[in-house]
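S.K.: Chain B: place on chain A using the hints.
The primary structure of each chain is shown beneath.
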Amino acid sequence: MLDISKIRAQFPILSRKVNGQELVYFDNGATTQKPQAVIDAEANYYANENSNVHRGVHFLSGLATDKFEETRNTVQAFIGAKHNHEIIFTKGTTDSINLVANGFRTLLNKGDEIIISEMEHHSNIVPWQMCCEQSGATLKVIPLLDNGSLNMEEFENLLSDNTKLVAVSHISNALGTINNIETIIKKAHSFGAKVLIDGAQAASHIALDMQKLDADFYCFSAHKMFGPTGVGVLYGKEASLNALPPYQGGGEMIKEVNFEKTTYACLPHKFEAGTPNIAGVIAFKAAIDFITELGVKNIAKYEDELLQYATTEVLKIEGLKIYGTAAHKSGIISFNIDNLHPYDIGMIVDKMGVAIRTGHHCTQPIMARYNIPGTARISVAVYNTMEEIDVCINAIKKAKMMLS
Amino acid sequence: MGTIQDIQGEIIEDFGMFDDWMQKYEYLIDLGKDLAQIDEKHKTEDNLIKGCQSRVWLHAEHTDGKIIYTADSDAIMTKGIIAILISVLSGQTPASITDAKLDFINEIGLKEQLSPTRANGLVSMIKQMKIYALAFQN
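Protein chains in written order, with the numbering used here: chain A, 5 to 408; chain B, -18 to 119.
Everything labelled a hint here was simulated from the structure, so no lab data went into it.
Watch out, some of these pointers could steer you wrong.
[Claimed, not checked] Here are the simulated DSSO-like pairs of lysine-lysine, each with C-alpha atoms no more than 27 angstroms apart in a straight line:
no.	chain 1	residue 1	chain 2	residue 2
1	A	401	B	14
2	A	404	B	111
3	B	14	A	355
4	A	401	B	111
5	B	47	A	404
Here chain A stands alone, though its shape is the one from the complex (with noise of 0.2 angstroms):
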């Protein structure tokens, strides 16, 4: 049994007020807040150990680099990757993905398809249209049931010898639907594909084997997992990270340059092109300690028990559906009260502390496959309570009341 408490007072936000009131956070699928062990992280590495990684011969930048090290070994034992260096630190989930649809600019023709999925978020959809754009290898959509989950179906039906690349979330951000994606998986590369899954709203909910998996990449970021913002992971098999051409060229990527021709640098560091987010990548480890210290399959067990409570709670409003109702759903409840705009509802709850989020998520395609304007979403964290569901769902209720 996890003790709420206990964790709650990590969180320093989680004691401040808005707009007067308790903040009462829902909004943790856009990021989530961050415990007093990761902001210690970042700024004792700028108070103590700043200096650039992989570069100095003095004392601070070895430090630094045997730090930032650190991460990427915690990160590999998190997700059960082969290797450390099958883990690449970029951006954020975004920028994994534009990494690898860069890359397969060079590697698709015309003729290659890719296949992704009518839910995904746009930072999986646009950079694999641009990449098809460039290479002339066409895009091929896998449609929603209605009750958010794939049709897996149409999916077998869409792959075949030209099916070069698939790439579809773990969990949906907007309808919470938890994707069958070792099956996915496992049916891409029987047709020779190679996948790629968006973790984003995944890694702090659902215990990760990459070995297990077999992905051939998957992303995520870690301000959705408790660490800081402008840090992600790229992870990719050896041999599939080995078969892109860099990304972007610049210093740390190179093994040699000279102006007839440069040689590029082996993993990871072939993709790690100029100065790092340094201190966010020694605070990402505190992140991951703290979530390994809870235990994935507690904090998940614990997010489920979340879920249920405010979807049997929210359900009793009148007028209200949920989008997404799919089986295997993780903490996220999307919603609109009979023609209210979701907008309106945001509103008037953030006057009361709570902080929900409202609009098309960032995946304008679900909204229109439902033809609504937006939701809006409730997305649960190890640190809510059932309490906080109670005060939710009263303001929500008060918004309505004041909307209709």
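M.R.: Just chain B now, kept in the frame of chain A:
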């Protein structure tokens, strides 16, 4: 019809009567509900200002040296603000509209409605109202 400055003063006075956010928001919602209907034929793609969340349609006509604005939004709170902006700017001359300083929005405590998050399209709407005024001036 009063000057832009006069009307702004009246609005500040109106809002001064409210004790809390709830009364203020309820008033905005009422204003939104009462906003004069825009002619459906003006709700075109060209007149649409896309916010990140709510959408705004704005139409302007120039008659007798004055600009008449009509507008609509799919979100009621946004409509409320639109109603206030129209009451301030509609029926004024192009020159006075381009020169107008709309600092009353801050004073009535609705600054968050005009944050640059693009959420409701209102910042773009004010800009568009001024662009119309500038165009009709020439």
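S.K.: Measure nothing beyond the straight line between the CA atoms of residue 401 of chain A and residue 111 of chain B; if it is 27 angstroms or shorter, mark the hint as holding.
M.R.: violated (38 angstroms)
S.K.: Sort out whether residue 355 of chain A lies within 27 angstroms of residue 14 of chain B, counting only the CA atoms.
M.R.: Given pair residue 14 of chain B, residue 355 of chain A holds - Cα atoms ~21 angstroms apart, limit 27 angstroms.
S.K.: Checking one constraint from the list: CA of residue 401 of chain A to CA of residue 14 of chain B, max 27 angstroms. Satisfied?
M.R.: Distance of about 20 angstroms is within 27 angstroms: holds.
S.K.: Can the restraint linking residue 47 of chain B and residue 404 of chain A be considered satisfied, given a maximum Cα separation of 27 angstroms?
M.R.: violated (39 angstroms)
S.K.: Are the Cα atoms of residue 404 of chain A and residue 111 of chain B separated by 27 angstroms or less?
M.R.: Measuring from Cα to Cα gives roughly 34 angstroms; hence the hint is violated.
The structure fails to meet hints 2, 4 and 5 from the earlier list, while all remaining hints are met.
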